[in-house]
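From first to last, the protein sequence lines stand for chains F and P. So my numbering is basically just the index in the first sequence, starting at one, shifted up by 10. So my numbering is basically just the index in the second sequence, starting at one, shifted up by 109.
Think of the hints as simulated: they come from the structure by calculation, not from any bench. Ideal Cβ placement from N, Cα and C applies to all residues, glycine included. A portion of the hints provided could be inaccurate.
Cβ pair distances, simulated, as ranges [unchecked claim]:
#: 1; chain 1: F; residue 1: Thr55; chain 2: P; residue 2: Val220; range: 42 to 48 Å
#: 2; chain 1: F; residue 1: Asn105; chain 2: P; residue 2: Gln213; range: 23 to 29 Å
#: 3; chain 1: P; residue 1: Ser126; chain 2: F; residue 2: Asn67; range: 32 to 38 Å
#: 4; chain 1: F; residue 1: Thr55; chain 2: P; residue 2: Pro117; range: 27 to 33 Å
Residues from chain P that face chain F, not an exhaustive set, calculated with beta carbons under 10 Å [what the hints assert, rightly or not]:
#: 5; residue: Trp116
#: 6; residue: Pro117
#: 7; residue: Arg216
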Amino acid sequence: DQQVKQNSPSLSVQEGRISILNCDYTNSMFDYFLWYKKYPAEGPTFLISISSIKDKNEDGRFTVFLNKSAKHLSLHIVPSQPGDSAVYFCAASINFGNEKLTFGTGTRLTIIP
Amino acid sequence: SQTIHQWPATLVQPVGSPLSLECTVEGTSNPNLYWYRQAAGRGLQLLFYSVGIGQISSEVPQNLSASRPQDRQFILSSKKLLLSDSGFYLCAWNGGGTEAFFGQGTRLTVV
């Protein structure tokens, strides 16, 4: 039972354009959502998070949007840079991050120079 | 500052051999500790998590076990490895509502 889903296994975006990565979840108890970036043979690194009391959180080039009614979140990267090429995982937790994270299957983002 | 150490980075083991992967965290106390496995098409699958010494929760039935002998030490073990145990294993910690921080991972190949 995949409670967090990333339906696009891969995405290619031209450098300088906007990258939009999507994530859907099924468990209405989730109240804290995160995005991680992962390079090959390395552990994931935290990018940005959002709690369910917000619908948007922005940090530099990265913005996460949360639509609770649709159980959907997205990560926007603007402008996209070659160094953004990686696998992106969304994750969700209950109790505002005090509980274990449930991850999606990941989306491989490739930025085309 | 907090750091997390995970070793070894790579491991090749024959089928039927035992396994021990170790993870330690520095700079924090009473962390929540996690073992994840990354497998193709499966994302990051939570295997075990621990909220304290000797407290282990298993998320999926499998050939692996975990132990937490000390507050900041988390060990992933197996008595007899299977081919299907191959994968990329990640240790992580969080605490106090923060995001989880990951180790560098261990690439395990069972041959």
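Now for the hints, and whether the structure bears them out:
Taking the beta carbon of each, threonine 55(F) and valine 220(P) are about 30 Å apart, not inside 42 to 48 Å as hinted. Separated by about 28 Å at the C-beta atoms, asparagine 105(F) and glutamine 213(P) satisfy the suggested range of 23 to 29 Å. The hinted range of 32 to 38 Å is not satisfied by serine 126(P) and asparagine 67(F), whose Cβ atoms lie roughly 46 Å apart. Against the hinted window of 27 to 33 Å, the Cβ-Cβ separation of threonine 55(F) and proline 117(P) comes to about 21 Å, which falls outside the hint.
With a least beta-carbon distance of about 13 Å to chain F, the hint placing tryptophan 116(P) at the interface is violated under the 10 Å criterion. Nearest Cβ of chain F to the Cβ of proline 117(P): about 13 Å, over the 10 Å cut. The hint is violated. At its closest, the beta carbon of arginine 216(P) sits 7 Å from a beta carbon of chain F; the interface hint therefore holds under the 10 Å criterion.
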